[in-house]
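Chains as they are written, first to last, in this note's numbering: chain A, 1 to 183; chain B, 1 to 616; chain C, 1 to 181; chain D, 1 to 309.
There's no promise every hint is true.
Interface residues of chain D toward chain A, partial, derived using beta-carbon atoms under 8 Å [stated by the list, open to error]:
1) K57
2) G60
3) G225
35 Å max Cα-Cα, derived DSBU-like pairs, lysine-lysine [stated by the list, open to error]:
4) B:K98 x B:K23
5) B:K435 x B:K23
6) B:K145 x B:K464
7) B:K530 x A:K116
8) A:K173 x B:K23
9) B:K342 x A:K8
10) C:K39 x C:K6
11) B:K98 x B:K358
12) A:K73 x A:K169
13) B:K522 x A:K9
14) B:K98 x B:K145
15) C:K166 x C:K4
16) A:K177 x B:K548
17) C:K107 x B:K530
18) B:K96 x B:K435
19) B:K522 x A:K173
20) A:K173 x B:K548
21) B:K145 x A:K5
22) B:K145 x B:K548
23) A:K173 x C:K107
24) B:K23 x B:K94
25) C:K73 x A:K73
26) B:K145 x A:K155
27) C:K15 x A:K116
28) D:K31 x A:K140
29) A:K9 x A:K164
30) C:K73 x C:K39
31) B:K94 x B:K291
32) A:K155 x B:K530
33) D:K7 x B:K464
34) B:K540 x B:K464
35) B:K548 x B:K435
36) B:K519 x B:K291
37) A:K9 x B:K519
38) A:K164 x C:K166
Honestly, the hints are just simulated from the structure, not real lab data.
Built from N, CA and C at the ideal position, the CB exists for glycine as well.
The residues making up each chain are set out below.
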Amino acid sequence: MYNDKNSKKIVETIQNWARSHSVWVLAYGTGCGAIEIAPTMTSRYDAERLGFRGAATPRQADVMLITGYLTVKTVKRVVRVYEQMQSPKYVVGFGSCTINGGMYYDSYNTINLLDKYLPVDVYINGCMPRPEAVIAGLAKLQQIIREGKANGAEKYLENLDWYKANQRKIAPKWIAKAPDYNW
Amino acid sequence: MDMITLILLLFLGGAIVTWLGGKLSPIVGDMLFLVTIIVPAGMFFTGVTVGEVTHLHALGLTLTWGLSPLSYLFSMIVVGLGILLAIYAVPFMKGKQKTGAFYFNFTLSVMAMLGILVSKDWVSFFIFWEIMTWSSYLMVILNGKDVQRVGIKYFIFSAIGAYAMLMAMVVMNSQLGSFLMADTFNNFQHLTVGNQILIPILLLTAFGVKSAMMPLHVWAPDAYSNAPMAYTGLFSGALSKMGIYGMVLVMVTMINQLPEGTLIRDIIAWMGGFTAAAATLWAITQDDGKKLLAWSSVGQMGYIIVGVAIGTPLAMLAALFLVVVHAMFKGSLFMVVGAIEKQTGTTDFREINGLIRKMPWTFISALISVIALAGIPPLAGFVSKWMLYEALIQNNNYILVILLFFASTAGFLYCYKFLHGYFLGQEEPEWAHVKEAPAAMVIPMLLLAIGTFVLGTFPQLLFKPIDSALQYVGYDATGGHLWGQSILFSEWGDIVTLQPILYVVLAVFVFFALFLWFKGTKGTRYVSTKDISTSGELPKEWENLTFKVNFMQPFERTIEPFLKRQIDKYYTAFGNGLEALFEFTRRIYTGNGQTYAIYAILFLALLLLFRVNLFG
Amino acid sequence: MIAKIKAAFPEAVNKAYDGNRLDFTVHKDAIPGFLSHMKEQLGFRHLSHIAYVDWIEENEFEIVYILWSPQDKVKLFIHTRIDRENPVMENIDMIWRQANTYQREMKEMLGIQFPDMVAPDEFILEDWDDIPPFRRDFDTLEYVNRTFWHRPGREDAQDVRETITKRSGEEIPDFAKKYSR
Amino acid sequence: MEYILIKTLEAMATFILAFLVGMTYGGVVRKITGRVHNRLGPPWYQNFIDAFKLFSKTRGIHHGAMHFLGAAFLMVTSVVSLMIIPVLAPGGHAWYNSWFTNMNFNGDLIFLLYIMTFGPLGMAMGAGQTGNPNSSIGVTRGLSQMVGFEIPWVMALVALMISYKTTSVIDFMNIQRETGTWLMFANPFAFIAAVLAMLGMFRYSPFDIVGAPTELASGPVSENGGKFLFTMMSSGSVFTFAKLVLYVDLFMGGANNLVMLVVKTFLLYMIPVLYGIVSPRYRTEQAVRWFWGWPTFIGLLAILYAVMF
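When you get a sec, could you build the whole thing from the sequences and use the hints?
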């Protein structure tokens, strides 16, 4: 019965619906975007009515908001936190800095393309995106979760060597020291 | 030559033989030691019958020995704990110094405690009391550390107790002309009023010293933590219970005949409650496992003293039950600390981390014993605590019951501190080499822990002997025959049925443990305690993130004003003089029993003069 | 004040500024004695900052110690030049503890070696395997092209220097063209 | 045999009721908090979605055996205290009343006081096993706070015990049914002390230093996610319901049917919630000193009242 494909599909649908309506956010406040999280969460643009809620530690979180530019030192920590999250897990990139480096495109210590190092599910454009844009991006994330397309964790697991190679290119010693991501 | 004498002589001879054999080769010493402890113990369990009395004519006076139901209860503790600790002590003492002295004093202490329990006259009582005291004293200073501070403190307080008991004996003998306990108890009414007040107070002083009642407790924590751990189980489990034994005798036989008895009872009960609370607060602030357990022993003795002092049948039941159970779980916990000290070489919480995966069996016994210590159902500590609270409430000691509730709730703090300090926290490469303790050390502590588990569910195993003991000392039947279905009940009709609760607890626990284990087992993997969510930072190898230093700091900050006043200060001036005197005498004598004998004789002479003037 | 310092160190060259600012140019070997004398005798008890300039034209590094005297409210700028090829400087963090931080920064960003300086581990740049990035001959965009990726659509990026020169009208000197794109 | 089966089914019914009500209360509390913050707030069924999401996490980590046992200990406390506490008053005549008399006659208040501390201790072990310093810090704070609020709580209970000569919850409910007056009016000081202790028991502000999300990373649960957090969440809901029912039984005469039960527990639950929404956060020693201040004094008054009248 449980192995029946349709029942599995039904269970999957319900689970995706639940996941999409209860998303616990780990706001990794880098750069300027952290200031946009506060109005998004609090009573001006109340993100909790959509089921978004702050999570304290990566163990409990579902989605990681990367709010702004990532220096080489920061991206290591971000990768570490992402690997500590428990799948299904999603990544949302804020602003042009995560998309293409933005105004730091030629800085020697700021990465340009976030999705070379982590599987990003949703990008939110702007420098910085205003809370309306953030809400729109989160709604988009909910939609793709509901459609079951938000499979960043599987993507990361499948192309782990490629991601690790990219990370090792900017941070060789750190990646060597970090415990390996074997799940 | 009857059984009791034979057993005692076997202990005595075995001690000496063990010492000599230990000089030949350590293996012979170990074997002889085990034989010495186990053979007379077996003879005790098989041969001795309750109620038999024997007379011994020696030195012109008659020593009367016999076994009463009450002393049978206590001697069960002594012998059982003695056997287990002897099995434990052999691997514990392996490769240590002064093994011979350890075995000698250990055997001698067991012998002395049995002697105290079987002696029916004050002379032999006093003799065995002294043997017990100085054998334990030699055990306290065995490792040669802090002799100036710890040993002398213990010695001074024991001396005070001994002189008090001696004085009481002399007064009783001179007034009643008999050393027999029974005579002194029965003819208690014939004493003058001054003596009727004086004798119980003197005896209670002696027993209060041994059972570490609050104003007289100063020696206890240092002495407990300074003795070898294999002996401290006996020290705190059985040896301090001798004070309770004497206290029960005095309370029941003498205080009950006094018109002022209730006042004395209340004073003792409040001392006990104060002991429980303050010792708990002190235990919370300790950073060394030995000291923590020592203070917690003082606190548990406080509970027992409260129960004995209240003196209603339920309270006596609770106190005697806690006597046995405390012997079990505290013996197990001291064994745990000894095993950890044996395996890692230290007992400081701030140094050891995460032994749970290295020493799992030690952790299991520690966990069960700590749950029993905290008094959490369905383990044995809860039974005694429940009965104690019921007795207190029904005896209208409302503030005292609040005090004890506070003590037991604060007890959770040091319970958690103990477990977290040794077994939990991050696993350090420093302790990667640690192995589980040898089986001879693990099995006794596991047996004791499981014993607390069994007694928590089937307390009637213990209620029947306690009931007979209470009937012996003159209580009417405390309904020990009614406890068959392991139901706790009080006069108010409040019941706690233990067995169904235990089954429900086990069922729920097993169900959810299995649920957590089997739900998504494939997706769940083990990660080391170094791989924690530290906001993305990688802790370095030398970085230890475990939270150990100032562990209970918020609570300590709260109770600071209480901790400021410690009783030690008030003893300091007095103690300095006594220690100077003792230093002087130590230079004359060799610091063993002879000193003591001379003290006793001098004090006796003084006492006679003194008594003639005072009470003549 | 100038007289005092002159009396102590006659070889120090001073440059006059208005306000409460003094500038001195000292040879690099005299720096520790000079600074300690300033601190102990003349009351410049506070080290505000250590600035550094890369004079790639003279093939030299310039290090500026900025001191502040609390009681007579005088800023003291002490300039010194060291060779760019083997940049070695005296360690002064026994005079001011906070100098250690600036020196670690200089060590990583400019490659200046401070013998007998105790620096636990890398400070700003973690596992960096290129020439120090604050040297002016370090081409950051070339490094970025080598290390990171560009998303398509950035090829029309204007060089900032050209914009500046267009606005201000002065042309780029030849030595600078070498380092410009 | 079928006796045990029926008992098990009834216990399951009680557990499911407690789970549903507790979860709903959690969602409603979040909604109310949102409204007080002038937000829309999540829907009332948000906690169910969260629980199901946590339940259906596909990956997870554990730090060792004690990590599993901690959550199981927590569940033991919730379920056993729910079994012991009488959910419905014995006098009720509703057709489902007999379902909820699980083990009401097997324990009394002292037993409840101790079994209620069983879970936090086991939870503390689980938190210590994870090796996360935040967990241990949160646990020590929680235990210290427990020592703080146990004093007035025990004082209130002792006052009730000595005035009615019993320690069994069923007897208290019978007494209230016979005399017709709730104990919160019979001994108001005891009720006040118990309610002040309740503020700390439910760990809303200002006594939420235990799991402060911003400074402790949610304290003891900081290493738990997925099924562990699901278990702790449902255990917390059940335990909340059990404690509320205990308060209702002791001070408000119990409830004869489920509607009255829900109403009374909800009204009682609003006290710590509404007090917590508008409160800042106490440090631990401030909280403990607060509990040892006025609440303890009121508890003493309650005991005096019980002794005199």
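Hints, verified against the model:
For K57 of chain D, the suggested interface contact is upheld, since its CB lies about 6 Å from the closest CB of chain A, less than 8 Å. The beta carbon of G60 of chain D comes within 5 Å of a beta carbon in chain A, closer than 8 Å, and the hint placing it at the interface holds. Look at G225 of chain D: its Cβ gets to within about 4 Å of chain A, closer than 8 Å, so that hint holds up. Restraint check for K98 of chain B and K23 of chain B: the C-alpha separation of about 10 Å stays at or below 35 Å, so the hint holds.
Between K435 of chain B and K23 of chain B, the direct Cα distance comes to roughly 30 Å. Compliance with the 35 Å bound is thereby established for this hinted pair. For the given pair, K145 of chain B sits about 44 Å from K464 of chain B by alpha-carbon distance, which is inconsistent with the 35 Å threshold. Taken as a hint, the K530 of chain B and K116 of chain A pair is honoured in the structure, with Cα atoms around 27 Å apart against an allowance of 35 Å. Between the alpha carbons of K173 of chain A and K23 of chain B the distance comes to roughly 60 Å, so the proposed pair goes past 35 Å and is violated.
Simply put, K342 of chain B and K8 of chain A have alpha-carbon atoms about 55 Å apart, too far for the 35 Å limit, and the pair is violated. Only pairs whose Cα atoms come within 35 Å are accepted, and K39 of chain C paired with K6 of chain C is accepted, the gap being roughly 15 Å. Note on K98 of chain B and K358 of chain B: the hinted pairing holds, with a Cα-Cα distance of about 29 Å set against a maximum of 35 Å. Between the alpha carbons of K73 of chain A and K169 of chain A the distance comes to roughly 13 Å, so the proposed pair stays at or under 35 Å and holds.
Under the criterion of a C-alpha separation no larger than 35 Å, the hint pairing K522 of chain B with K9 of chain A is consistent with the structure, at around 21 Å. Of the supplied pair hints, the one linking K98 of chain B and K145 of chain B holds, its CA atoms being roughly 14 Å apart against a limit of 35 Å. Using a Cα cut-off of 35 Å, the hinted pair K166 of chain C and K4 of chain C is violated, with the two alpha carbons roughly 48 Å apart. Of the pairs offered as hints, the one joining K177 of chain A and K548 of chain B holds, with about 26 Å between alpha carbons and a cut-off of 35 Å not exceeded.
With a C-alpha separation of about 32 Å, the suggested pair K107 of chain C and K530 of chain B falls inside the 35 Å cut-off, and the hint holds. Distance hint between K96 of chain B and K435 of chain B is fulfilled; the C-alpha atoms sit about 19 Å from each other, no more than 35 Å. Only pairs whose Cα atoms come within 35 Å are accepted, and K522 of chain B paired with K173 of chain A is accepted, the gap being roughly 31 Å. Annotation: proposed proximity of K173 of chain A to K548 of chain B holds, straight-line Cα distance about 31 Å (limit 35 Å).
This hinted pair does not check out: K145 of chain B and K5 of chain A have alpha carbons roughly 74 Å apart, beyond 35 Å. For the hint linking K145 of chain B to K548 of chain B, the alpha-carbon distance of about 26 Å falls within 35 Å, and the restraint holds. Annotation: proposed proximity of K173 of chain A to K107 of chain C holds, straight-line Cα distance about 20 Å (limit 35 Å). Annotation: proposed proximity of K23 of chain B to K94 of chain B holds, straight-line Cα distance about 14 Å (limit 35 Å).
The straight-line distance between the Cα atoms of K73 of chain C and K73 of chain A is roughly 40 Å, outside the 35 Å bound, and the hint therefore fails. For the hint linking K145 of chain B to K155 of chain A, the alpha-carbon distance of about 64 Å lies beyond 35 Å, and the restraint is violated. For the hint linking K15 of chain C to K116 of chain A, the alpha-carbon distance of about 53 Å lies beyond 35 Å, and the restraint is violated. In summary, the hint linking K31 of chain D to K140 of chain A is supported, as the alpha carbons are separated by about 24 Å, within the 35 Å threshold.
Pair hint K9 of chain A plus K164 of chain A holds up; C-alpha atoms about 33 Å apart against a cutoff of 35 Å. Restraint check for K73 of chain C and K39 of chain C: the C-alpha separation of about 14 Å stays at or below 35 Å, so the hint holds. With a CA separation close to 24 Å, the supplied pair K94 of chain B and K291 of chain B stays within the 35 Å bound. Between K155 of chain A and K530 of chain B the alpha-carbon distance is near 27 Å, which keeps this suggested pair within the 35 Å criterion.
Annotation: proposed proximity of K7 of chain D to K464 of chain B holds, straight-line Cα distance about 32 Å (limit 35 Å). For the proposed pair K540 of chain B and K464 of chain B, the alpha carbon gap of about 59 Å is over 35 Å, so the pair is violated. Note on K548 of chain B and K435 of chain B: the hinted pairing holds, with a Cα-Cα distance of about 22 Å set against a maximum of 35 Å. For a cut-off of 35 Å, the pair hint linking K519 of chain B to K291 of chain B is broken: about 42 Å separates their Cα positions.
At most 35 Å may separate the alpha-carbon atoms for a hinted pair to count; K9 of chain A and K519 of chain B meet this at roughly 20 Å. For the hint linking K164 of chain A to K166 of chain C, the alpha-carbon distance of about 44 Å lies beyond 35 Å, and the restraint is violated.
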